[in-house]
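Using my numbering, read the sequence shown as starting at 1 and increasing by one per residue.
With a Cα cut of at most 25 Å, we get these calculated DMTMM-like pairs of lysine to aspartate or glutamate:
(1) Lys23 <-> Glu94
(2) Lys216 <-> Glu174
(3) Lys216 <-> Asp40
(4) Lys23 <-> Glu98
(5) Lys216 <-> Asp182
(6) Lys216 <-> Glu14
(7) Lys169 <-> Asp182
(8) Lys23 <-> Glu174
(9) Lys29 <-> Glu105
(10) Lys29 <-> Glu98
(11) Lys29 <-> Glu14
It is worth saying that the hints were derived from the structure and are not from the lab.
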Amino acid sequence: MKDNEHDSQRRFTELGYWDDYWKGARLPKRVERGHSASLDEILSALTRWVPTAPGSRALEVGGAPGAYLSFLMVDSGVQGSILDYSPIGCAASERNFELQDLEVEVHQGDLFSDDLDIGRYDLVYSLGFIEHFGDLTDVMRRHVQLARPGGIVIVGCPNLRGINQWFLKRLAPELLATHNTDMMDPDTWVGFEQALGLEVLQRGQVGGFEPSVFNKVELDTREARFWRIVARGLSLLARPGFFKRHNAWWFSHYVMAAYRVPGGDDR
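Produce the complete structure using the sequences and hints provided.
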């Protein structure tokens, strides 16, 4: 799938980045509760707003290879679809769902394509997607357009500000550059919420302090090695669940929000 040539949206990554990212993905892959306190907090925030009506349809945007969608389908019983513009990511998704015996519609396409036509869903969500673009209002508008009136839209992204940003600048600056850190302040999301008429169900930091955010090390310098040792020490200190259940802008692992789309019967 080619990038939309008429797309004015600034992308912090390109198609080749994601094709390379998903090469050799280990499958099957599904997130589960009980393996990480931070992940448990994210899953709790996600499942809190998942539609429970029989036959509810969920779409994950940019969700290759389907680890979160697999979890939702088993945990909440939704009918699943996925949208991703990486052909390698889509192939990995199809194989992942096949290995788990899950029936899922995998759509290879660009969220910003003017001719995208894949239907409307009770739940549209993305986790780790919106932070790779420049115009947050446009990204959210595209999510909303795929939801039915009265449906739910959930978005989440890593919080690479504060201490997380400080470490990444010293350990993995190239990785940091693929993210739009300016939009990771949830207080600024009021702009698109008002522009799109969204009802705010939840918004804020979740997941507490999670040093695995800066596990990746790109630099082989004495300074980088030193800060990597410090990061490992912080990982040991952050193991108790106490650090996962408390949140602040300067250390929390993740940011999430849930919205109700205008109109509909709000079933």
